Each structure stands twice: as C-alpha cells, then as structure tokens.
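Asks: Here the protein sequences come in this chain order: A and B. Under the numbering used here, read the first sequence as residues 17 to 364, first letter to last. Under the numbering used here, read the second sequence as residues 124 to 504, first letter to last.
Among these hints, one or two may not hold up.
[As the list claims (entries may be wrong)] Restricting the straight-line Cα-Cα distance to at most 27 Å, the calculated cross-link-like pairs of lysine-lysine (BS3-like) are:
#: 1; chain 1: B; residue 1: Lys327; chain 2: B; residue 2: Lys290
#: 2; chain 1: B; residue 1: Lys326; chain 2: A; residue 2: Lys108
#: 3; chain 1: A; residue 1: Lys108; chain 2: B; residue 2: Lys262
Worth flagging that the hints you see were computed from the coordinates, not collected in a lab. On a predicted model such as this, the values are computed, not experimentally measured, just so you know.
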Amino acid sequence: MRSGNYKESVAELIALSDSKLVWGWSALLFAALAMVPYVLNSYLLSFVILFLITGTGALGLHLLTGCTGLISLGHVGFLLLGAYAYAVPVAKFGLSPWLGLAAAGFVPALFAIVVGVPSLRLRGLYLAITTLAFSFIIAHLVLSLTWLTNGARGIRVLRPELLGIDFDSDARFANLCLVVATLTLFAVLNLLRSRVGRAFIAVRDNDIAARTMGINLSAYKLHAFMISAFVSGIAGALFGIYLSFVSIDGFPFLMSIEALAILIVGGLGSTLGAVVGTVFIVLLPEVGRLFLGALGPLAEKLFTTGAHEMRTVLYGLVIILFLRFEPRGLVGLWRDVKRLWVNWPLRY
Amino acid sequence: MYLKLIAAIVMGLGVTTAAKAEQGVSATEILIGEVEPLSGPPGLLGIAYAAGTKMAIAEANNAGGVDGKKLRLIVEDDGYVAARTIPAVKKLIEVDKVFALTSLSGSQGVAALPVVVKAGIPVMASIAPIEPLYQPVNKNVFVVGQSYEEGSYQLVRFLAKQNPGRKWAALTQDDDYGVALRAGFDKARKEGKLNVVFEGEYKKAQQDFSSEMLRLRSSGAEVFLAGGIIAENAAMVKELEKLNYKPVTGIFWPGRIPATLKLMGPASEGVYGIDYVAADKSEAVVAFTERAKSLLSEADFKAINRYTLVGYASTRVLIEAMRRCAGNLTWTCTISELEKTKNFETGVMGPISFGPGVRFSSQQLHVMRADFRTLSFESVK
Chain A
17 MRSGNYKESV
27 AELIALSDSK
37 LVWGWSALLF
47 AALAMVPYVL
57 NSYLLSFVIL
67 FLITGTGALG
77 LHLLTGCTGL
87 ISLGHVGFLL
97 LGAYAYAVPV
107 AKFGLSPWLG
117 LAAAGFVPAL
127 FAIVVGVPSL
137 RLRGLYLAIT
147 TLAFSFIIAH
157 LVLSLTWLTN
167 GARGIRVLRP
177 ELLGIDFDSD
187 ARFANLCLVV
197 ATLTLFAVLN
207 LLRSRVGRAF
217 IAVRDNDIAA
227 RTMGINLSAY
237 KLHAFMISAF
247 VSGIAGALFG
257 IYLSFVSIDG
267 FPFLMSIEAL
277 AILIVGGLGS
287 TLGAVVGTVF
297 IVLLPEVGRL
307 FLGALGPLAE
317 KLFTTGAHEM
327 RTVLYGLVII
337 LFLRFEPRGL
347 VGLWRDVKRL
357 WVNWPLRY
Chain B
124 MYLKLIAAIV
134 MGLGVTTAAK
144 AEQGVSATEI
154 LIGEVEPLSG
164 PPGLLGIAYA
174 AGTKMAIAEA
184 NNAGGVDGKK
194 LRLIVEDDGY
204 VAARTIPAVK
214 KLIEVDKVFA
224 LTSLSGSQGV
234 AALPVVVKAG
244 IPVMASIAPI
254 EPLYQPVNKN
264 VFVVGQSYEE
274 GSYQLVRFLA
284 KQNPGRKWAA
294 LTQDDDYGVA
304 LRAGFDKARK
314 EGKLNVVFEG
324 EYKKAQQDFS
334 SEMLRLRSSG
344 AEVFLAGGII
354 AENAAMVKEL
364 EKLNYKPVTG
374 IFWPGRIPAT
384 LKLMGPASEG
394 VYGIDYVAAD
404 KSEAVVAFTE
414 RAKSLLSEAD
424 FKAINRYTLV
434 GYASTRVLIE
444 AMRRCAGNLT
454 WTCTISELEK
464 TKNFETGVMG
474 PISFGPGVRF
484 SSQQLHVMRA
494 DFRTLSFESV
504 K
C-alpha cells in the first residue's frame with residue numbers, strides 16, 4: 017500500500033486515481049464480474065444481478081442525498097417511473113428497447129423537475145416528507161392511468177435484444193447490468209470531480225456559503241434531482257426487466273429505506289461507500305442465513321420461515337449499530353485499516 | 124444373433140436412460156419445494172397453505188411414499204415481495220434441486236414464471252389463482268382454484284337474488300385483486316340492473332375506513348360488497364358497527380378465515396362469503412381436521428384455515444401424478460400425468476381436472492354464511 021500522496025498539479029488532484037495498481041485491480045474486478053455469471057448457478061447469479069441493479073440505483077440516490085445533502089424518501093418513485101417508462105413503450109407499443117431505456121432515464125428526470133421545484137426551499141425532514149409524498153403520487157398516477165399502465169394488473173416485460181445480443185439468459189443480462197453499473201459509476205465519479213460535482217458538495221456542506229461563492233442553489237439542486245432521477249430510472253427499468261413484470265407491488269416503499277440504509281452503512285457522501293454498502297445490504301440476509309445455519313437446523317429454520325421479518329430486523333439493527341458506533345460507515349472502517357497499515361507500528 | 128445383441132444393447136441404453144434419476148430424486152427421498160409468504164400479514168395465508176402441503180406429504184409418506192421414496196418439503200419465505208420470490212424459486216431449483224414446486228407464492232409468483240417455465244419443473248401454483256399464472260398456458264404450471272372475477276360475479280348474483288330491488292355499495296382494493304372483483308361486480312350489476320348508490324376504491328393496506336363507511340351509510344346502501352382481504356374487511360365491518368349500520372355484507376375467499384371473524388367480532392354474524400373449498404363445519408372439513416391432529420405439528424394444526432385445504436388438494440394432485448410415474452419419475456412424465464388428471468377427488472373441494480392446453484382446474488363455488496359463535500362459515504343452500 018502506498019504511503020505518499022503528494023500532488024503537483026490540479027489534473028493530478030482531480031484524477032480518478034493516480035495509481036496504476038488501483039486501475040489494474042479495478043480492471044481485474046470488472047473482468048471477474050463479467051466472467052462470474054458464466055460460472056455461478058442461477059441462484060447465486062440472482063444476487064449478482066440484484067447487486068448490480070441496486071448499486072446503480074444507490075449511486076443515483078448517492079448523488080442526491082450523499083453528495084448534495086438532499087434527503088429523499090421518494091427514491092422508489094423514480095425507480096417505478098423508470099420501470100414504467102421502459103415497459104409502456106417496449107412491452108405495450110412494441111417500440112425499440114433503446115427507446116425504452118432512454119425513456120427510463122428521461123421521464124423520471126422530467127418528473128424530478130416537478131418534485132424538485134417545490135423542494136427548492138425545503139430542507140431536512142420537510143424535504144424528506146415532500147419526496148415521500150411524491151412517491152405516493154406516482155403510485156397513484158400509475159394506478160389511475162389504466163389505459164397507459166394497465167393499472168394494478170401491471171405489464172409483462174420480456175428480456176430485450178440490444179446490438180444483436182439477446183439478453184434472455186441471466187448471464188448475459190448480468191453482463192448488461194454490469195455495463196450499466198460501471199458506466200454509472202464512472203459517470204458519477206467524473207461528475208463529482210467536475211464543477212457541477214464540486215457545487216453539489218458545496219451545497220451539501222453549507223448552502224449559505226455556497227451561495228456566497230456564486231453557486232446558483234436552485235439550479236444545482238434541480239440538477240441533482242434530475243441526474244439522480246435519470247440514474248434511478250435506468251435502475252428501475254433494469255429491475256422491471258429482471259422481474260419480467262412491472263407493477264406497483266414490485267416496488268414497495270421499503271426500497272426507499274433500503275437505498276438510504278445502503279448509503280448510511282457504506283458511508284454517506286462516499287461513492288465507494290455506495291458500492292460497498294450495496295454489497296453489504298444485498299448479501300446481509302444470505303450471510304445471516306449462513307450464520308444461523310451454522311448454529312443448527314432450528315436457527316436456520318427461523319430464517320427460512322421468517323425470512324422477511326429477520327431481514328427487516330437485520331436492516332434495522334445494522335443501521336442503528338452503524339449510526340451509533342461507525343457513522344462514517346464501511347468506508348470509514350476501510351480508511352482506518354489503510355491508515356493502520358501505513359503507519360504501523362506508530363498510531364498516527 | 125447380432126440383431127439380438129444390438130436389440131439388447133439398445134434396450135439396455137433405454138433402461139439406463141429411463142432409470143436416470145431426475146433432480147431431487149434420490150434412492151430414499153424426493154425433494155419438494157414451495158415459496159410463499161410466511162412472515163408479515165400475508166403469512167397468515169402462507170403458513171396455512173404450507174400446513175396443507177405438509178399434510179398431503181405426511182399422508183403420502185404414511186402410505187409408503189412415492190415409488191418407495193419418502194417426500195421431503197423445503198419451504199422458503201418471500202415475505203410477499205416479488206424481488207425475493209425469484210431468488211427463492213431459483214434457490215429451490217438450482218441449489219436444493221427439488222423435484223417439483225407446490226407453491227409459487229401469491230400474485231408475486233407471476234414474476235417467477237419465466238424462471239420455472241425455463242427450467243421446466245412441474246409446478247402447482249394454487250395459493251392465489253390469478254389469471255396470468257394460467258393464461259397464456261405454460262406447459263409445466265398448473266393452478267387449482269377459481270378466478271376472483273367469477274367469485275365476485277357469483278356472490279353478487281346470489282346476494283342480488285336474495286335481496287331484490289335493494290340499494291348496493293361496493294368498495295374494492297386498488298390492485299389486481301380489486302380490479303378482478305370490480306370486473307365481476309360490474310358484470311353482475313349490468314346483468315341484474317343493480318341500483319348501485321355507492322362505490323369506491325381504497326388504497327392497499329389502508330386501515331381507516333371511517334370516511335368511506337360514513338359515505339356508505341349516507342347513501343342508504345342495503346347490500347355491501349366488501350372487497351378487502353383480512354384487516355380491511357374487519358375494519359370496514361367494525362366501522363359500520365360503530366355507525367350502528369348493518370347492510371347485508373359479502374366478502375371473498377382470501378378473507379374467509381377465522382382470523383377475519385375474530386377481528387370483526389360479533390358484527391361478523393351473518394356476513395356472506397364465497398369459496399371453492401368446503402365449508403368449515405362440513406363433514407369433509409371436520410374429517411380433514413381430525414386427520415390433521417395426528418399428522419401436523421401443534422403450530423401447523425393451529426394455523427389451519429381454508430388455505431390449508433387448497434394446499435392439501437393441490438399437492439395431492441401432484442403426488443398422484445408422481446405416483447402414476449412410478450419407475451419413471453421424471454418431469455416430463457409428471458407433467459404429462461398432471462395433464463391427464465380427470466375428476467380427481469380430494470374430499471375438500473370439487474373434483475380437479477386438467478387437460479391438453481388446460482392448466483387451470485376451475486372449481487365450483489359455494490356461498491357461505493359466517494357464524495361468529497363457532498368462528499366458522501356454514502354452507503348456504
């Protein structure tokens with residue numbers, strides 16, 4: 017592990033990484049993730065797919081809540097909009113999946129203006145409640161516009177064929193999710209080292225100070241809402257394709273809470289944290305099951321027959337423990353480990 | 124001589140192929156899996172359904188199993204969340220390698236349909252007999268039950284006949300269940316030219332019905348179609364009781380369980396229900412409950428309700444098809460034998476039948492009336 021971190025230019029300072037080793041490891045991880053779908057059974061593969069889709073959605077919320085400091089409880093509303101924006105043109109009107117994917121991004125982004133404008137003067141809890149109300153309005157709209165959305169009956173969605181590749185198999189679909197997740201990750205990392213990204217962070221840290229520096233709060237808050245909604249909408253479309261059925265039931269309110277849990281557990285404001293938090297939250301129930309399985313069949317049965325309750329308990333417990341003992345999240349722990357490695361045997 | 128030798132080799136190969144074990148079948152046992160909600164409010168239905176499956180399996184095992192092998196059930200909870208139904212189904216097929224599935228959860232099962240259809244595993248998906256599970260037809264997915272639309276239609280027709288010229292009210296849920304009930308209601312309304320004075324839709328999981336019930340009373344409705352499930356129906360009836368208003372009320376089979384009557388309290392007396400499984404105090408159900416005492420655990424026995432009968436009947440059909448495949452227990456044979464099922468009697472509902480291109484056994488419906496004293500529903504002639 018490197019111990020020096022000396023920068024000589026702005027370009028070096030804002031580079032995604034100046035370490036060839038980090039680039040190497042990242043490329044290796046990408047290659048491994050691209051290959052594992054062809055090795056894993058479909059049960060384990062479903063976790064990889066869920067991780068990639070959830071990660072994309074979490075990155076969307078990360079931009080809004082983690083980077084700009086705008087707390088949203090209506091994330092599921094954008095996911096739902098994205099899923100329907102894909103399903104309606106593709107499954108109902110037989111249009112191209114490309115058009116569906118574009119709509120999955122742009123439709124939620126447009127709706128983000130609707131929720132963003134009234135939210136410009138709101139902060140904290142008030143904003144959270146406004147976004148929560150937004151998700152209920154979206155659900156109600158979907159149910160009411162029966163001629164377009166099939167209402168409560170939902171829309172069946174088939175796996176798409178893009179660039180001549182049929183994504184009918186789970187392995188190929190996992191690769192599609194990997195590409196989308198990777199592109200989103202790069203987009204987010206690049207955005208955060210741009211003027212826009214630095215403005216987001218300034219708004220989060222102190223909006224009065226940001227305004228004093230000439231940052232247009234309204235414009236940047238709207239930007240954050242729209243970009244976040246765009247990314248979340250794409251994740252929603254992928255989730256709808258994965259479920260093969262888009263309906264209100266597939267997008268429960270708990271998804272908004274899970275998304276927030278991912279950011280808190282991973283480390284609020286950190287892109288790496290959003291990724292690590294996703295791995296943690298997606299795998300937590302399975303790790304819990306394995307742990308209880310090791311304790312004996314009775315304990316394992318508790319998880320098998322009460323999985324939903326056990327998962328909810330685990331999510332709650334993990335959030336409480338992290339907020340109390342490690343508010344910096346998993347990323348904070350990782351930084352401590354790095355510091356310990358570099359400085360050992362010295363403490364500082 | 125050579126011809127005989129070749130014939131023997133070919134036959135030998137044939138025997139080898141036929142004897143090749145299908146997944147989930149070992150020398151001593153056959154694995155069966157099912158996915159359903161076992162936690163949260165829908166757990167009340169899933170636990171009861173699983174008890175029915177266990178009962179059918181216990182009976183089969185006591186009778187020597189299938190092909191001399193004991194059946195073993197693996198149950199997975201999806202909490203009624205579609206995103207969890209898919210991994211649970213995949214786990215059963217890919218990791219546990221079960222031979223067949225006896226439940227695909229409720230309406231969440233639709234999300235898992237592509238997985239089971241692709242795998243080709245025999246599936247009984249009867250916990251919530253919704254249309255997308257059997258229409259369009261999937262070769263390996265079988266459903267026992269009746270459509271909510273038909274149930275609603277039959278109940279409204281019955282109540283209209285019993286209460287001619289009365290004013291009507293209907294309140295349904297804002298999901299696919301509610302849409303189906305509304306479709307049946309509208310059909311009967313059109314046919315019978317019903318005088319509907321109040322109708323509405325409520326949000327799923329709504330708990331307070333004070334406003335709706337007040338409007339219902341103001342409308343002067345005399346017959347009320349309560350389109351909730353458990354807590355919603357109970358809340359509606361309790362609210363009407365508070366308003367000292369008692370229209371003739373009809374509910375549907377998802378809420379036709381003792382827990383609903385308990386929640387409603389004495390106001391449940393005389394509430395009408397409709398179902399395709401036998402009434403609680405019928406000879407068939409009394410005999411079933413008696414048998415269950417020795418075959419189920421105490422916890423499972425306490426969970427018995429109409430869903431137990433559905434799980435039992437549905438699993439019995441599957442086991443019977445597997446028995447007919449003794450010596451050649453494969454997915455192909457089991458699906459083929461399931462398709463040949465004709466008028467199979469389970470004792471707890473009407474005869475079950477499938478056929479070529481028919482994967483839905485449409486069961487006969489019966490109207491029932493609640494008896495709060497015994498927390499049960501009795502058949503109405």
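Asks: State for each hint whether it applies.
Replies: Quick rundown of the hints versus the structure:
1. Proximity of lysine 327 of chain B to lysine 290 of chain B is assessed by CA-CA distance (about 26 Å); at most 27 Å being required, the pair is judged to hold.
2. Taking the CA atoms of lysine 326 of chain B and lysine 108 of chain A, the gap is about 25 Å. The hint holds against a cut of 27 Å.
3. Under the criterion of a C-alpha separation no larger than 27 Å, the hint pairing lysine 108 of chain A with lysine 262 of chain B is consistent with the structure, at around 25 Å.
In the structure shown, no violation is registered for any of the earlier numbered hints.
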